[in-house]
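Asker: Chain residues, written in single-letter form:
Number of protein chains: 2
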Amino acid sequence: MIQNSNLKRSWTTRRDEKNERMQKADPHLEGKYVATDHITEVLETLIQPKDRVVLEGNNQKQASFLSTALASVNSDIVKELHMIMSSISRPEHLDIFEKGIANRIDFAFAGPQSLRVAQMIDDGQMEMGNIHTYLELYGRLFIDLIPSIALVAADKADEAGNLYTGANTEETPTIIEATAFRQGIVIVQVNEQVEELPRVDIPASWVDVIVVAKDPYQLEALFTRNPRHISEIQILMAMITIRGVYEKHQVQSLNHGIGFNTAAIELLLPTYGESLGLRGKICQHWAVNPHPTLIPAIESGWIDSIHCFGGERGMEEYISARSDVFFLGRDGTLRSNRTLSQMAGQYAVDLFIGSTLQMDYEGNSSTVTKGRLAGFGGAPNMGHDPKGRRHSTPAWLDMMKPEETLVRGKKLVVQMMETHQQGNNPVFVERLDAIDVAKEANLDIPPVMIYGEDVTHLVTEEGVAYLYKTNSIAERKEAIAAVAGVTPAGQEQSLKQKERLRSQGIVAYPEDLGIRRSDAKRSLLAAQSVEDLVTWSDDLYDPPQQFRSYWS
Amino acid sequence: MIQNSNLKRSWTTRRDEKNERMQKADPHLEGKYVATDHITEVLETLIQPKDRVVLEGNNQKQASFLSTALASVNSDIVKELHMIMSSISRPEHLDIFEKGIANRIDFAFAGPQSLRVAQMIDDGQMEMGNIHTYLELYGRLFIDLIPSIALVAADKADEAGNLYTGANTEETPTIIEATAFRQGIVIVQVNEQVEELPRVDIPASWVDVIVVAKDPYQLEALFTRNPRHISEIQILMAMITIRGVYEKHQVQSLNHGIGFNTAAIELLLPTYGESLGLRGKICQHWAVNPHPTLIPAIESGWIDSIHCFGGERGMEEYISARSDVFFLGRDGTLRSNRTLSQMAGQYAVDLFIGSTLQMDYEGNSSTVTKGRLAGFGGAPNMGHDPKGRRHSTPAWLDMMKPEETLVRGKKLVVQMMETHQQGNNPVFVERLDAIDVAKEANLDIPPVMIYGEDVTHLVTEEGVAYLYKTNSIAERKEAIAAVAGVTPAGQEQSLKQKERLRSQGIVAYPEDLGIRRSDAKRSLLAAQSVEDLVTWSDDLYDPPQQFRSYWS
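Residue numbers (the numbering used here), protein chains in the order written: chain S, 1 to 552; chain F, 1 to 552.
So that you can see chain S by itself, here it is in the shape it has in the complex:
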């Protein structure tokens, strides 16, 4: 049964389409380069209505010149685009929807714009595809969200069009690979054109159009936490975590998210951690951004290796001087890679630790709260037990339930937060706002960040709950309540229940871990200010201006 040869068709429609568009743009191009002030016309020539457009922008690095240019195209010509973005971060990301240039979105994170996103969906200006984690969004770029256009950012390009992404390689190579190899059009903004690149991060043959941007791409110092703002409650929780989780399970590889809680842990390793004799035994291998608060631990010889999702402003020179610890190119600057670090953070580390705005009584948590469609970035990817994992480490094996025939370990997923949020609202709620948000925004499922069944440990200022030891949802609820303090969830529980859980080793309070609450002092922090971090770094760390204003 052989094919009907009448059904002949063209198999090069994508390539022909690309060639046609590129030819129309040709008058504007010199080699691959387009003049800075011609970019809007070039976008109007290269982008067609209903195109799938990936606009680079994760939580740190933004293709800000290209997003501004896109927001200024004539919406009679360029319209109804399907936008794919890791992060909805900048005002013009939403302006393009208000102007009708785009009408559909698939994204991973919308922190700063989450209120406006929810409003625009409500108003029908934006059609919602899906909320993703980074890695599944990248995966779809090769399957059912293959881009027609990529708008991305790099530091430098040479005449041939090779790219140097510097410390902030991030997701650029993945977006470009998905676009370039399916005959999409890759448009890159660079901060400058140079004769010779420090190194090549992306080869010229993957790139179609380059524009030197008016200003360097936007780069947020998102992972910088000023030690001055770390509270003694956070220090107490950090001590509980180091003693009750990291030491107990011999956690050797890990990811820390953003936040003051984990910054406190980082700053206690060289002091409290050292006093416990843990250097070289825990926390040697990291998948993490280059947090300035890691400097004292690095300098004290705690850390063997750090693979980074992205860079961090002001850390460039320090990183270059610490080539034994970071991934650097031959030129001596950081090579980050968001895709590979997310992959490693999912599959190759013992522990993920994060925080949340709400947790229900069964341990499900979400940062999506009423009126805010925030998304989660990488948290669901790293904050779950990857069932495809087959290798073992001591910490992973410690989660084993030995009574099972087909024993296996589990990833350590730690939620760490104070029992009350700002405004004195309990973090523990009977029902997540996410359930109603899903209904209002017409989502297929409630946007849960981390599911209760995946949380192995819960740390609050009350103590630590070893949820992996519980044998039923009812027992998990009890264990959560036992560290929920004076919230309604906590107050329902009797002292007797708490004592039972404690005697079974399902919860531990500071005194059970040999921690005196009165020891949780700011003086225990290895650095108490940004200035201290600079001193630790041998003056190699160069904090952005906004963190210098605290010096006095």
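One should not assume that every hint holds.
One copy or two, either will do: identical chains are not told apart, so a pair holds if it fits within one copy or between any two.
[Unchecked claim] Here are the computed lysine to any residue pairs in the SDA-like style, where the Cα-Cα straight-line distance is at most 20 Å:
#: 1; residue 1: Lys477; residue 2: Gln504
#: 2; residue 1: Lys50; residue 2: Ser305
#: 3; residue 1: Lys214; residue 2: Leu406
#: 4; residue 1: Lys401; residue 2: Ile473
#: 5; residue 1: Lys387; residue 2: Lys410
#: 6; residue 1: Lys387; residue 2: Tyr451
#: 7; residue 1: Lys496; residue 2: Gly277
#: 8; residue 1: Lys387; residue 2: Met399
These aren't lab readings, by the way, just hints derived from the structure by calculation.
Knowing the structure of chain S, use the given hints to seat chain F on it.
Answerer: Positioned in the frame of chain S, the structure of chain F alone reads:
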């Protein structure tokens, strides 16, 4: 509390070590090139005892010249290496252990060498690290298995050292990225040096040493299945799968593993699938190798896109002529990428379908059987429900249990196999051999390929069991038994039990799906021979010699 400045140390030990080794090798180098017959000496110069060495070799592409060279080094100089390999495939991969050149292994797959691996571990010649899936092994290259040395293969290199990997990019960029950016040494064998590359797959600044190999790297035609060998039982199972799984759940994106079962599905899409009116409704997006048996479905307009883990011998010209379907470089040849395709296969497709050698009564399966330490490659990664997934598709949502508050979907994981294996052994066993293998080989956990809780569908020649509908392990066991035929597991079950499961829609037999067993004929295959595939391909497919010998 600022650092003790007496603790000054060097932060460039890795870089200094690399420079020192490279300087010793310098007399052998012209630019990055070493003469073909000097490679053994160069390896002896660059590799030190106890180094962590990644040797490229997945199930298709092998750095065979470098592995042969490594097996010939002086084991007084180069010894006790820690080898990291996706696949243990070639005899010399084990010779290096017999000779003491290496003594520790971390790997993902050992199909052809699985007997000898088990024996060598038993004899103490090989110390076992872990069995991995591809993606977690790649992840660890950035965390706690960072390589000192990479030995990899590419098609071509130019004078500067840029690499062209051609259709078989596979895992090369990932291995090189992990090594190059942590001051490891990257050694590449190429088939030829050329003046100008068709395209650049890997930039020169990531590469240290290049050698033109004596022979081209080994490349297996692993994913080629001769339609002549597809049996009518396999055709029946394929009909059951198309009707009872793909159509029922509107499966739009998927991965097919290797094997005759799935080859039968591919060859039935343009015939049986067409008669059901399913073209354009199912199976549009694939993460899969370029199977020759996909040609009729591609030619009939079934398939929108295919992203490939690797290439397939003989498919090169056909792929180049079908640029609307495959990922191709500007030069017109395939760009594969094992890491990105595994990521997409994990997170971005509706369905994974695979086969196994053993399944226990609860649905756990393994290809590790007595005396064979085979490993699993990518199956556990794609064959589980990725809990970090947050986007939805119709098929994924179909797995939802609507009674739950926090509803979510599930990945479709299908196991498809005849109830008896070769030698008439039942595939269903009370206890997996893997449990004893784990004890004998001193593994931390039994090497299970796919866990029963992740299997949503089981297809045999008896019918399909919808395991995702079962509400307890007991009910899952019943559903499995209902399609286990005349194996002991199947024979224990009463007709009444079967009827109950059938009436509840938990199992379906061919007659329930409107399939007549007598229709399962070879004439239903869109191609019945390799010759037919060539005809379908407009003579673009060029089968390797071993598949031509069947033509008569």
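Asker: Looking back at the hints listed earlier, which ones does the structure fail to meet?
Answerer: 3 and 7
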